[in-house]
Each structure stands twice: as C-alpha cells, then as structure tokens.
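Novice: Chain B: place on chain A using the hints.
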Amino acid sequence: MTQSNSNTAHADHPLVGHLVPVSTLLATASVLLILTIITVAVRYIDIGEFNLWVAIGIAVVKAGLVASFFMHLRWDRPFNLLVFIGCMLFVVLMMAFCVLDTSQYRSTQYTGNPPVAQETLDANAPGAPVARFKLGMNP
Amino acid sequence: MSQASVGHEGHAGHEGHADGHGHGSAEHAKYPFLAHHFETPAQQFDSAKLGMWLFLATEVLFFGALFVAYAVLRSRFPEVFSYGSHYLDTVMGGINTCVLILSSLTMALGVYFAQRGKRIALLICLWLTMAGAAGFLVIKYFEYSHKIHENLVWGPGFYIPPHDAIGEAESVALAHAPASAPAAVPAPLNSASSGVPMIGAHPAVDASVVKPASMGPLGLGAGAVNHASAVTHDIIPDQLPSAHLEDAKMPPNTHVFFAIYYAMTGLHGFHVIVGMVVIGMLIYRATRGDFGSNYFTPVDLVGLYWHVVDLVWIFLFPLFYLIH
Numbered sequence: 001m002t003q004s005n006s007n008t009a010h011a012d013h014p015l016v017g018h019l020v021p022v023s024t025l026l027a028t029a030s031v032l033l034i035l036t037i038i039t040v041a042v043r044y045i046d047i048g049e050f051n052l053w054v055a056i057g058i059a060v061v062k063a064g065l066v067a068s069f070f071m072h073l074r075w076d077r078p079f080n081l082l083v084f085i086g087c088m089l090f091v092v093l094m095m096a097f098c099v100l101d102t103s104q105y106r107s108t109q110y111t112g113n114p115p116v117a118q119e120t121l122d123a124n125a126p127g128a129p130v131a132r133f134k135l136g137m138n139p
Numbered sequence: 001m002s003q004a005s006v007g008h009e010g011h012a013g014h015e016g017h018a019d020g021h022g023h024g025s026a027e028h029a030k031y032p033f034l035a036h037h038f039e040t041p042a043q044q045f046d047s048a049k050l051g052m053w054l055f056l057a058t059e060v061l062f063f064g065a066l067f068v069a070y071a072v073l074r075s076r077f078p079e080v081f082s083y084g085s086h087y088l089d090t091v092m093g094g095i096n097t098c099v100l101i102l103s104s105l106t107m108a109l110g111v112y113f114a115q116r117g118k119r120i121a122l123l124i125c126l127w128l129t130m131a132g133a134a135g136f137l138v139i140k141y142f143e144y145s146h147k148i149h150e151n152l153v154w155g156p157g158f159y160i161p162p163h164d165a166i167g168e169a170e171s172v173a174l175a176h177a178p179a180s181a182p183a184a185v186p187a188p189l190n191s192a193s194s195g196v197p198m199i200g201a202h203p204a205v206d207a208s209v210v211k212p213a214s215m216g217p218l219g220l221g222a223g224a225v226n227h228a229s230a231v232t233h234d235i236i237p238d239q240l241p242s243a244h245l246e247d248a249k250m251p252p253n254t255h256v257f258f259a260i261y262y263a264m265t266g267l268h269g270f271h272v273i274v275g276m277v278v279i280g281m282l283i284y285r286a287t288r289g290d291f292g293s294n295y296f297t298p299v300d301l302v303g304l305y306w307h308v309v310d311l312v313w314i315f316l317f318p319l320f321y322l323i324h
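First to last, the protein sequences are chains A and B. Quick note: the first sequence uses my numbering, first residue 1, plus one each step. Quick note: the second sequence uses my numbering, first residue 1, plus one each step.
These are calculated hints, taken from the structure and not from any lab test. Among the hints, a few may not be true.
What the hints assert, rightly or not - Below are the SDA-like pairs computed for lysine to any residue, each with C-alpha atoms no more than 25 Å apart in a straight line:
hint: 1; chain 1: B; residue 1: 118; chain 2: A; residue 2: 22
hint: 2; chain 1: B; residue 1: 118; chain 2: B; residue 2: 40
hint: 3; chain 1: B; residue 1: 140; chain 2: B; residue 2: 90
hint: 4; chain 1: B; residue 1: 140; chain 2: A; residue 2: 22
hint: 5; chain 1: B; residue 1: 30; chain 2: B; residue 2: 290
hint: 6; chain 1: B; residue 1: 30; chain 2: A; residue 2: 18
hint: 7; chain 1: B; residue 1: 249; chain 2: A; residue 2: 37
hint: 8; chain 1: B; residue 1: 140; chain 2: A; residue 2: 18
hint: 9; chain 1: B; residue 1: 140; chain 2: A; residue 2: 42
Just chain A, same shape as in the assembly (with noise of 0.2 Å):
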C-alpha cells in the first residue's frame, strides 16, 4: 500500500492536487502588480489604435498567470485546461461574429440623444434629433 505513506502528506507528494511554493505565488503576484502598473502607464501613450490591443494584450497575459500559477492550471488535469480554453475561445467566437456587422446597422437608428433624453437638453444640445422628429420628417 502506497497509499498509506501518502495519509501523512508530505510537502511535495500531497495525497491530492499540488503544491505550489510560496515564492511562486508571491512572484506572481508582484508581476501582475508591476503589469498593472505598466497597463496604467500605456493608457498615457498615444499609440491610437494599438492602445486597445496593447491592454488587451497585457491583460490576456495577467489572466494567463493568475490561471496558470494561482489556479494551478499548469499541474492541473489537462481536461480542465480544456474546458477553460474552450470557453474562452467560445467567447471570442461569440464577440466576433456580433462584432462583425456591427457596421452594417442602420445609420439613422442611433444617431443623436434618444428622444426621450433630448427633452431635457437644449434643442441645439449635441446631437439633437427631436428638431427633425417635429417637424415630422422621417428618421
């Protein structure tokens, strides 16, 4: 029986799961620390588009630390890595598509404060469409 030596856990062969020292999980920390600061910093750089995609970006590599280190998804059974692989890229394909037309929407429907709001700003107020809907011209 093997498992009778296991009962009395030992810091490196525990009955069950895995171990993850204390200085991993402190170094971690500290880079996901430093990484929000530097996500912080970018937001101050004008790089147009790319800011987006650099936060993103930072953040897609702070979730993969918190899920490799803090949620021991590196030792973890590979089924569960699965799953949350799965769902992710299940979400990117669900954003993808809504994004995808996202152009093609009509462009009258939105534009201007909704009527409702636009009661009580000025009828010169940035983007007022009431004036139109008066005078009974088609949105």
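Specialist: Here is chain B on its own, set in the frame of chain A:
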C-alpha cells in the same frame, strides 16, 4: 460549491458509520471524508475540481455575453467610450485592481497552507482575503455614490437637470425679485422639478412665470442660461449634479457608457459579495478544523472562484478606466 462541500461533509459522516454496508473499503476507512461513490481521494478531488471548472466556464460565458455587448457598443460609439472613461477615477480603479490581486494572492496562499495542514495560517489568509473583498466593495461604494450624486447613471436619469440647483436658484431669484412677485410661485415649480423626471410636460404657465430660473439649468448653452447660471455659480460648488450636461463636448448617447459600466461592474460586484459569503463559510469550517492536508477541496474550489472574480476585473479595469 458550498453545497457540494456540505455534501462531502454529510457523506463523510454517513460513511464513517455505514462502513458495514459493504461499500466501505480500506480507502474509505482511512479517509472519513471520502464519499462512498468514489474509489480514492484523488478521484473525488478531481471530480470536484472538474465540476468547479465547468461552473467557472459558465461564469465566463455569463460575463462573456456582457463583454460582447461592450464590444458592440464600443464599436458603435467609440467617442462615447473615450469621453465617458474620463468620468471614472483611475486611481480608485487602480487601487481596486491591486486590492483584488493581493486578495487573490492571499487566497492562493490560503490554499497552500490548507494543503500543508496549517490551520492558523489558513485562517489568517482567509480573513485577509475577506478584508480585500470588503475593501474592494468599500472603494466601489465610494465610486458609485459619487457618480450617482452627479447623475452619472444609466438611462434618462443621466439627463435629469440639477434640481437642487433649480431650487436654490429660485430661492435666490425670489429673494432678489421685486415685491410684486407672487409668493406662491415656487410651489408648482418645485413639485415639477423634484422627483418627477423633467422629461414630462413642463406646464407652460410655470415657464412663463419664472422663466429665467426654470430655463437656466435646464437648457444647454441657450441664451437664457447666462442669467441663471450667474446666480447658481455663487451658491453651488463645483460638484454640481448633472454638470456633464453643461459640457458641449459631450457626445450623444453618453448614458450608454454608464449603462454598460454599471451592468458589468455591478455584476462583478455581486460576485464579490457572493465570494465574501463563501469565504465566510470557509472561515467557519476552517475554524472548526475541517480541513487538513488530505481534505481541502472546498478551499481549493472557493479559491478558483475567487481567482475568476479577479480575472474578470483584470479585463474590466483597462476596458473602462483606461481608454485613451
């Protein structure tokens, strides 16, 4: 997951007494926490963990739908998002990010100490995680209350004019008004401006009686504003509710940004509250001495949940607070 852990507990109690039924093996005799339908503790642990991961996958999809809504709205109204982001406090958001990362660290350390069978260290870590969650919510409360005070909310409330300012402007205007002004004038105006959304009908009578005061904060950049705003600026400090309505650069549909902001951070905040409840259960059970180096599954599973809460915030923070 707490129910699952309670289930383990119940089964463990049953098994301890029901070994004579024939299910019991040497494994079950040795590990009182081992449920009768599992062969080994490792099998039980892996099953519980797989179940938790499946639950977390549904959580990711749950938040994923809101992230899709975010993506669609942002691709439709990019100017609204870059404008609205400036109303969020980056310092508070950054502090909250650090608080959550540190509470994730203490949770991971808690799992470590549970695995090592260190009860006191586990309890300290759980209490620290609880404190991190509470701190996060306190900071979030300050952010929310500040925004709600300034009418930075979803829906038509975003466009409600500052009714306090109207009231004060009226009183001042009345104080300086000639004595012939009827004393009963403020009553209908106040009833119209307080509580009732301004979207409804403004009685034309009121507007004609005290036109400058009622038009002033309502209108944006209209000619009549100057008179009333000159009055209100002396009384109302800079934290004027609905001050954003006076910003000519505000793009249309800015309330959409706050709608998705409250939806996503609100759902996340709800998860933080749920996290505090389950961590509280862990503290109760750890104090009772349920966990050891062989049985720490609930600690591990709650840890996984808490890390996902952290993960969601890692994405929310740059997407809302850090738009260039």
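Novice: Go through the numbered hints given earlier and state which of them the structure violates, listing their numbers in rising order.
Specialist: Of the numbered hints, 4, 7, 8 do not hold.
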